[in-house]
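Chain by chain, the residues run as shown.
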Amino acid sequence: MSNNKTNPKTILMQGNEAIARGALAAGLDFFAGYPITPSTEIAEICSVELPKFGGKFIQMEDEIASISAIIGASLAGAKTMTATSGPGYSLMTEGIGFAKMTETPCVVVNVMRGGPSTGLPTKPSQSDIMQARWGNHGDAPAIALYPNSVSESYELSIRAMNLAEKYRTCVVLLSDEVLGHMREPIELPDLSQVKIVRRITPTKPPEWYQHYPDNPKYPMPKASFGEGYRFHVTGLSHDSKGFPTNRADETKILMDRLRNKIAYHIDDIVQIENYQMQDAKIAIFAAGISSRAAKEAVMMARKRGIKVGMMRPLTIWPFPDAAVRKFLGDKKAIIVPELNEGQLSLELKRVMGGIWNYEIRKTKKIEEIHRTDGLLITPDQILKSIMEVK
Amino acid sequence: MNKEIFKKEIRLSGSGGQGLITAGIILAKAAVLDKVRVTQTQSYGPESRGGASRADVIISNDEFYYPEAVNFDVLLALTQEACEKYSKNLKDSGILIADTTNVKDIVHLEAKVYELPFTEIAMKKLGTILPTNILSLAFLVKITGVVSESSLKTAVCDFVKPQFKKMNLKAIKIGFKLASEEIIS
Chain A
0 MSNNKTNPKT
10 ILMQGNEAIA
20 RGALAAGLDF
30 FAGYPITPST
40 EIAEICSVEL
50 PKFGGKFIQM
60 EDEIASISAI
70 IGASLAGAKT
80 MTATSGPGYS
90 LMTEGIGFAK
100 MTETPCVVVN
110 VMRGGPSTGL
120 PTKPSQSDIM
130 QARWGNHGDA
140 PAIALYPNSV
150 SESYELSIRA
160 MNLAEKYRTC
170 VVLLSDEVLG
180 HMREPIELPD
190 LSQVKIVRRI
200 TPTKPPEWYQ
210 HYPDNPKYPM
220 PKASFGEGYR
230 FHVTGLSHDS
240 KGFPTNRADE
250 TKILMDRLRN
260 KIAYHIDDIV
270 QIENYQMQDA
280 KIAIFAAGIS
290 SRAAKEAVMM
300 ARKRGIKVGM
310 MRPLTIWPFP
320 DAAVRKFLGD
330 KKAIIVPELN
340 EGQLSLELKR
350 VMGGIWNYEI
360 RKTKKIEEIH
370 RTDGLLITPD
380 QILKSIMEVK
Chain B
0 MNKEIFKKEI
10 RLSGSGGQGL
20 ITAGIILAKA
30 AVLDKVRVTQ
40 TQSYGPESRG
50 GASRADVIIS
60 NDEFYYPEAV
70 NFDVLLALTQ
80 EACEKYSKNL
90 KDSGILIADT
100 TNVKDIVHLE
110 AKVYELPFTE
120 IAMKKLGTIL
130 PTNILSLAFL
140 VKITGVVSES
150 SLKTAVCDFV
160 KPQFKKMNLK
170 AIKIGFKLAS
180 EEIIS
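First to last, the protein sequences are chains A and B. For the first sequence, counting from 1, position 348 maps to 347 in numbering that gives the first Met the number 0; every step adds exactly one. For the second sequence, counting from 1, position 72 maps to 71 in numbering that gives the first Met the number 0; every step adds exactly one.
One or more hints might be untrue.
Computed beta-carbon distance windows for the label pairs [said to hold, decoys possible]:
(1) B:M166 / A:D278: 54 to 60 Å
(2) B:I105 / A:M386: 31 to 37 Å
(3) B:K103 / A:D278: 51 to 57 Å
For lysine-lysine, the following PhoX-like pairs were computed, each having C-alpha atoms within a straight-line distance of at most 20 Å [stated by the list, open to error]:
(4) B:K124 / B:K164
(5) A:K8 / B:K34
(6) A:K363 / A:K383
(7) A:K389 / A:K364
(8) A:K389 / A:K306
(9) B:K6 / A:K302
Derived from the structure by calculation, the hints contain no laboratory data. Here the structure is a predicted model, which is why all the values come from computation and not from measurement. Glycine residues also receive a C-beta, built at the ideal position from the N, C-alpha and C atoms.
Take these sequences, add in the hints, and give me the full structure.
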């Protein structure tokens, strides 16, 4: 949301531009992409701005090539990003799994539009929330962030780049058509004030270097190709130097690391916003663009004397299990508005004590609002639900 | 400065290619210059010309979160289709500004209605229909006062390419003049 006290540095900016500018502020130096509505502006701006920073932009032939290019560039030492929407993201999932398995930092932006398939190119959706978690085959945890304003698009773009570097993984930055094309005032920070996670290069002699250390520290050091360090990169299960292995003990170390580097750092990764939650009897759980309607609905309900609050995950994955239990466990009813057929609510029900069993918590009702016709859920729609559950 | 809390929901509507999203961006930029809160959103089809197109601008000095206009304080309609579709969500206290070059039939409304052939006026006075968006936006700004006239001028000059600056400033002047005449009458 815009600040009331604006200063001359405040400018009007589009959500997609904020993502591009945020990545540039975080040290992006390579972008490969295949333009797709409603994400095109991100590629467009990077193509103009990156060369000014000494970076490189390549328009690839498709999304498979795009994700492959940013993984390759990252292995060679670049900070990388690509941007797409649902149809392109589907093509990228193979590469995303490869980036996670090979622990190669990169950021994939998914500006969600109506689906399935090519769906509604110019309409918003939140139907790729589960895809951001489970899109690639094989068990690998995901990090996915989802802002709800232009200024937060900028901030979370920086954060996505930093988390990718710190945990050496593919981070997904979610947005949606309305958020991506929306314009709001934004006050850009002084670039010297932006906190950047820089890639740590190994100091050990090359022959001692483990590309995949058994007990890593974070940020996880990473050598780049061409620096004299020898390592192998494969999607196959691999040992500490990256060479394929079938051994159970070596595979276990790998799989444990992939899981635990996220699981042990939930507090570092997860961000939530609580709005008017302290005395609330009813809570709305909403993310991204739907949280804008939710916040407005909270204001409308409060004017009518109904105690409603909103909890918003800025980090969608890993899901904020502990925070959900802590802040939503004592609420009489929870309303989940989302532009899909119930993806966040499915996860919420898992955390709140089993899909069908609400009894173990005080929560008596989880009210779901789904919308997949290409239009936004309105504050009035949420207010109606509040009146029903109160 | 007026300290009263205000919130204005403005919808600029018509068809793709009429420059409505551009007008929305310029209006939002003017609001930033006025140091108030603003959010601009849009809806359009996959085609770059033709098809329904609209831009929403919400301007307020108080907090608001939902980014789309629901009940309009101001509706600009450049096509018959847009006028029919959106005039039912116009507040009774609202203002409809219709371009009678394309809007031939307006249902009875409680709201105040201004009917002018903006496209024809642009063609006649500027020799092109291109600045119809700026001309009608200037009219809207002068009638409604949602942003200051000087901020609108600055926003237009910042936004348009140098070679089109003169034409757009002329369009603003015409829009303001038409509005002054309406206010007097």
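Compare the structure with the hints numbered earlier in the document and write down the numbers of the violated ones, lowest to highest. Hints that this structure does not satisfy do not exist here, as all of them hold.
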